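Knowing the structure of chain A, use the given hints to seat chain B on it.
Chains A and B, in that order, are what the protein sequence lines are.
No gaps in the numbering here: position 194 of the first sequence is 196 in my numbering, and each next residue is one more.
No gaps in the numbering here: position 43 of the second sequence is 186 in my numbering, and each next residue is one more.
Simulated from the structure, these hints should not be mistaken for laboratory data.
These figures come from a predicted structure and were not determined experimentally.
There could be a bad hint or two in this list.
Within a straight-line C-alpha distance of at most 25 Å, the following computed DMTMM-like cross-link-like pairs (lysine to aspartate or glutamate) qualify [claimed, not checked]:
id, chain 1, residue 1, chain 2, residue 2
1, A, K287, B, D178
2, A, K336, B, D174
3, A, K287, B, D174
4, A, K71, A, D103
Covered stretches of chain B (in silico footprint by chain A; criterion: 3 or more residues with CB under 8 Å from a CB of chain A, positions within the stretch not fixed) [unchecked claim]:
id, segment
5, 148-156
6, 188-197
Heads up, the beta-carbon is just placed ideally off N, CA and C, and yes, glycines get one too.
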Amino acid sequence: MSPSTTRKLLAIHRWCGIIVSLNFLVLALTGLILVFHDEIDAALGVVPPVAAEGEKISIARSVEVARAKDPSAHAVYVFQRPEESPGVVFVGLSNTGRFRDSRPIAVALDGDGRVLDQVVLQDTFTSIVLQLHAELFAKLPGRLFLGLVALAVVASLVTGAVVYGPTMRRFAFGLLRRDRSRRTLLADIHKLVGAATFGWNLVVASTGVLLALSTLLFQYWAATEIGALGARYAGEPTVTEWSTLDAGIAAAEQSVPGRHWSLVALPGSDFASPRHYTVSLEGGKGLDAHLPAYVVTDAVYPDAVERVQAPWYIEAIALSEPLHFGNYGGLPLKIVWSGFTLVTLGLSITGVWIFFSGRRARRARGEDQKRAASDATRAAA
Amino acid sequence: MTSSPGLRVYGVPALLGVLSIGGLVLALTGDGIVDAVAVILVTLPLAAIVRSFLRGRASSAPVTSDPESQD
Numbered sequence: 003m004s005p006s007t008t009r010k011l012l013a014i015h016r017w018c019g020i021i022v023s024l025n026f027l028v029l030a031l032t033g034l035i036l037v038f039h040d041e042i043d044a045a046l047g048v049v050p051p052v053a054a055e056g057e058k059i060s061i062a063r064s065v066e067v068a069r070a071k072d073p074s075a076h077a078v079y080v081f082q083r084p085e086e087s088p089g090v091v092f093v094g095l096s097n098t099g100r101f102r103d104s105r106p107i108a109v110a111l112d113g114d115g116r117v118l119d120q121v122v123l124q125d126t127f128t129s130i131v132l133q134l135h136a137e138l139f140a141k142l143p144g145r146l147f148l149g150l151v152a153l154a155v156v157a158s159l160v161t162g163a164v165v166y167g168p169t170m171r172r173f174a175f176g177l178l179r180r181d182r183s184r185r186t187l188l189a190d191i192h193k194l195v196g197a198a199t200f201g202w203n204l205v206v207a208s209t210g211v212l213l214a215l216s217t218l219l220f221q222y223w224a225a226t227e228i229g230a231l232g233a234r235y236a237g238e239p240t241v242t243e244w245s246t247l248d249a250g251i252a253a254a255e256q257s258v259p260g261r262h263w264s265l266v267a268l269p270g271s272d273f274a275s276p277r278h279y280t281v282s283l284e285g286g287k288g289l290d291a292h293l294p295a296y297v298v299t300d301a302v303y304p305d306a307v308e309r310v311q312a313p314w315y316i317e318a319i320a321l322s323e324p325l326h327f328g329n330y331g332g333l334p335l336k337i338v339w340s341g342f343t344l345v346t347l348g349l350s351i352t353g354v355w356i357f358f359s360g361r362r363a364r365r366a367r368g369e370d371q372k373r374a375a376s377d378a379t380r381a382a383a
Numbered sequence: 144m145t146s147s148p149g150l151r152v153y154g155v156p157a158l159l160g161v162l163s164i165g166g167l168v169l170a171l172t173g174d175g176i177v178d179a180v181a182v183i184l185v186t187l188p189l190a191a192i193v194r195s196f197l198r199g200r201a202s203s204a205p206v207t208s209d210p211e212s213q214d
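Only chain B is shown next, with the shape it has when bound in the complex:
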């Protein structure tokens, strides 16, 4: 199964964005278990960063042009 390029590039960041904003709003609305769920949702982006640092993905990276690296 193939996914659209937009979904492939923006899928994970968009999901993290929606979940973390959802967590921020959820923490405004409740206490106790709701707060705990909210904290978990808000933590997801940080967990994703830590996971990327822990995974050695360098070798699997394709070599291609990258505007950010060219200047």
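Pulled out of the complex, with its shape left as it was, chain A reads as follows:
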């Protein structure tokens, strides 16, 4: 590689790194918290314990209970988290009929069903941290901006890996020159950490790009493939009577054995046709456990189910989530993940320090040269 190409790549590496450094600080610190999302929620008692055993109301009834809170709103989805919040479902109410404008209402399924007013999922500590991490509190624009930040991180990583070769050709991996200037030592630390954590950083940054696009990609999928399933019912009014909801969920679960429902998009929402429930099913083993299965159930004839194969980009998003947040391999992996996050913070901090100390050194050299030139001119005169 020619020296000029190396210099150009080094410039891209530095400027991308500098531009994203502040965002990176926020992302790393919030990411460090989100790795332990489940543990923090459990410790804070986000969802109060509800009698998980005994007689329960139907899911359809839980939607009615939630809707009674705000009869003017549309119910757009129902989801459950049986491991974290047994005996509770969350019903999404929205004034626009869209998922992204919805607020989840927690409904306890015991007794006659009751709204758990004290549970406001979007206001929990980890939820607020997630909103900062994923969208800088700016919804879709914030999400897309962070996608660009993640893309700049990928560019900085790749160019960093390419220029690593020319800058390290005479040194062994892991070299730390403690007997040289502080800047040289920090540059060595930067290169060591960057080279060692390249794989992890690349995975986290590239999955970050995908997750930033997830809202748009899900909407695209809903508008094209899922929308097409209900196209023949386009002229009919939206189904608003959900007495078939439980039967529809049961039929969906039967169609994919070994899985249980996690989320149902209700008819008329942006992830279901006016006539169908879109049921997301979780379960399975290995890689399958991270890939939800999708089944569309007719809301009028709930026995009529159709399995929908998610396109590659939806499956890629599903796999990106654990690979980005590190919350999938148990506590040991979470601890290692935190170690990577802290080390990568060091990578960013040393990079910024090297950049600004280099500029300071260049400026000082320039002033020295100017002074020397003016002294020489004066001496000649």
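The following block gives chain B in isolation, referenced to the frame of chain A:
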């Protein structure tokens, strides 16, 4: 035996990258012992960093030009 310059420079980082990404993917696919192996693989880059910090390699370093240190 001599190795090519590319392999010498990129060999260890590439190996760490492949093993750690392999560990990340492996952790997605299994439980129990598979998870334990995955965690070990993912930990290798951090172990390499710690090892470099613990080893005093400063004295053995050749002195040469380094674009990163020059600016």
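To see whether the hints hold, each was checked on the structure:
At most 25 Å may separate the alpha-carbon atoms for a hinted pair to count; K287/A and D178/B meet this at roughly 13 Å. Restraint check for K336/A and D174/B: the C-alpha separation of about 15 Å stays at or below 25 Å, so the hint holds. Restraint check: the Cα-Cα separation between K287/A and D174/B comes to about 9 Å, which is no more than 25 Å; the hinted pair holds. For a cut-off of 25 Å, the pair hint linking K71/A to D103/A stands: about 17 Å separates their Cα positions.
Only residues whose C-beta sits within less than 8 Å of a C-beta in chain A count toward coverage, and the segment 148-156 of chain B has 7 of them, enough to reach three; the restraint holds. Residues of the segment 188-197 of chain B lying with their CB closer than 8 Å to a CB of chain A number 7, which satisfies the three-residue condition for coverage.
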